[in-house]
Amino acid sequence: MLKFAVVVFPGSNCDGDAQWAASHVLGQSAELVWHKDTSLHGADVVVLPGGFAHGDYLRTGAMARFSPIMPAVKAFAGAGGPVIGICNGFQVLLEAGLLPGAMLRNRGLKYRCEHVYIRVERTDTPFTSAARQGQVLRIPIGHGEGNYYAPPGVLETLEAGGQVVFRYTDAEGVVTDEANPNGSVNGIAGICNAQRNVVGMMPHPERACEPLLGSTDGLVVLESVVQSLAEARHVP
Amino acid sequence: MRARVFVTLKPSVFDPQGRTIADALHSLGYGDVGDVRQGKYFELDLVTTDPARAKTLAAEVADRVLANPVIESYRIEVD
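Taken in sequence, the protein lines are chains B and V.
Numbered by my numbering, the letters in the first sequence go through residues 1 to 236 in order.
Numbered by my numbering, the letters in the second sequence go through residues 1 to 79 in order.
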C-alpha cells in the first residue's frame, strides 16, 4: 500500500477530496500533513491540493512556499519522489520554483467552474503512465487564475523537452481557442519538471474519480502513480 | 522612512484586467485613452532613516515576496 501525503495549507479546500480519492477510491493510505510540519512522514507520493493557500491575497500560491513543510517537499522532489500540484497546488509549485512559469488572471477575468476536456500529451510521468497518449479526459476545473504563462525561451524549452503533460482540447481532443477556458499559452493545462517527477495541473482529477461526481476520468492520474511506484518496487 | 513599491506586469505579459479597464474607458467615450496597465501598490513603513538602506530593504522584499519576477517588474520610491 502506498502512502500519500496531502499537504494542508491554511485555505486549502481540496485536501479532503484528494485524501478521499487516494484512500477510499484507490485503497491506499493517505495522510493529511499540516503545512507547519517539517516532515512528510515517509510518504511515497506528495499531493499539493487545491484551494486558496494562505488566502492567495498577494498572489495565488505566493506565501505557501515559505511554509515550514516546503523544504521537505523540495527535498522529496529533488530526490525524484512523485509530487503533484492540483490547481492551487500547481500555483504553489510555480511560485516555489519547482515548476517553471507563472499564472495570470483568466483571459476572461471570470472564475471558471465547469468540466473541460484535456488531452494527455505525455505518458512518461508517474501521473500519466497508465493513460494512453492522446487520451481525452473530461475533468472539472475551478479557478480564476489558471492562465498559464511561460516567458519566451522557457516555453520553447517546455515544448521541446516534452514537459507539457496536458492540453485543453475539445471533446475530440483538438486544441482550439474555444476549448481553452483561461487563455493559457499553447492551451497548456499541466506541465512537469525536466526530471518528470513533479507535475502541476489546473484541472481536478480528484474530483473526477467516482460515477456520482459525473466523471471517473481523473482516476487514471492517481492510478498511474500507484502503478508506476508498484512497478518501480518490483524492479530488482 | 517610507518606501512605495509599484508592481506591474512586465510589458511583454498580457494584462487582462488592464485590457478590460481600457475597453470600459473606451465605451465611456474616452477615445484618447490608449492602453491601460494595472498593478499593485505597496507602502512600507520602515524603521530605518537611511534612504539607501530603505531602498535596499524594499527591493529585497519586492524581489522575494511582493513581485513574481517571472511576470512582474517593480519600481521603488523612498522618502
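Quick caveat, the hints were computed from the structure, so don't treat them as lab data.
Treat the hints with caution; some may be incorrect.
[What the hints assert, rightly or not] Here are some, though not all, of the chain B residues that point toward chain V, as calculated from beta-carbon distances under 8 Å:
#: 1; residue: Glu95
#: 2; residue: Leu104
#: 3; residue: Pro151
#: 4; residue: Gly153
#: 5; residue: Arg196
The structure presented is a predicted model; accordingly, all values stated were derived computationally and were not measured.
Here a beta-carbon is modelled for each residue, glycine too, at the ideal position from N, C-alpha and C.
Against the structure, the hints come out as follows:
1. Glu95: 7 Å, holds
2. Leu104: Holds. Min distance 7 Å.
3. Pro151: 7 Å, holds
4. Gly153: Violated, about 11 Å.
5. Arg196: Since chain V brings no Cβ nearer than about 21 Å to Arg196(B), farther than 8 Å, the hint is violated.
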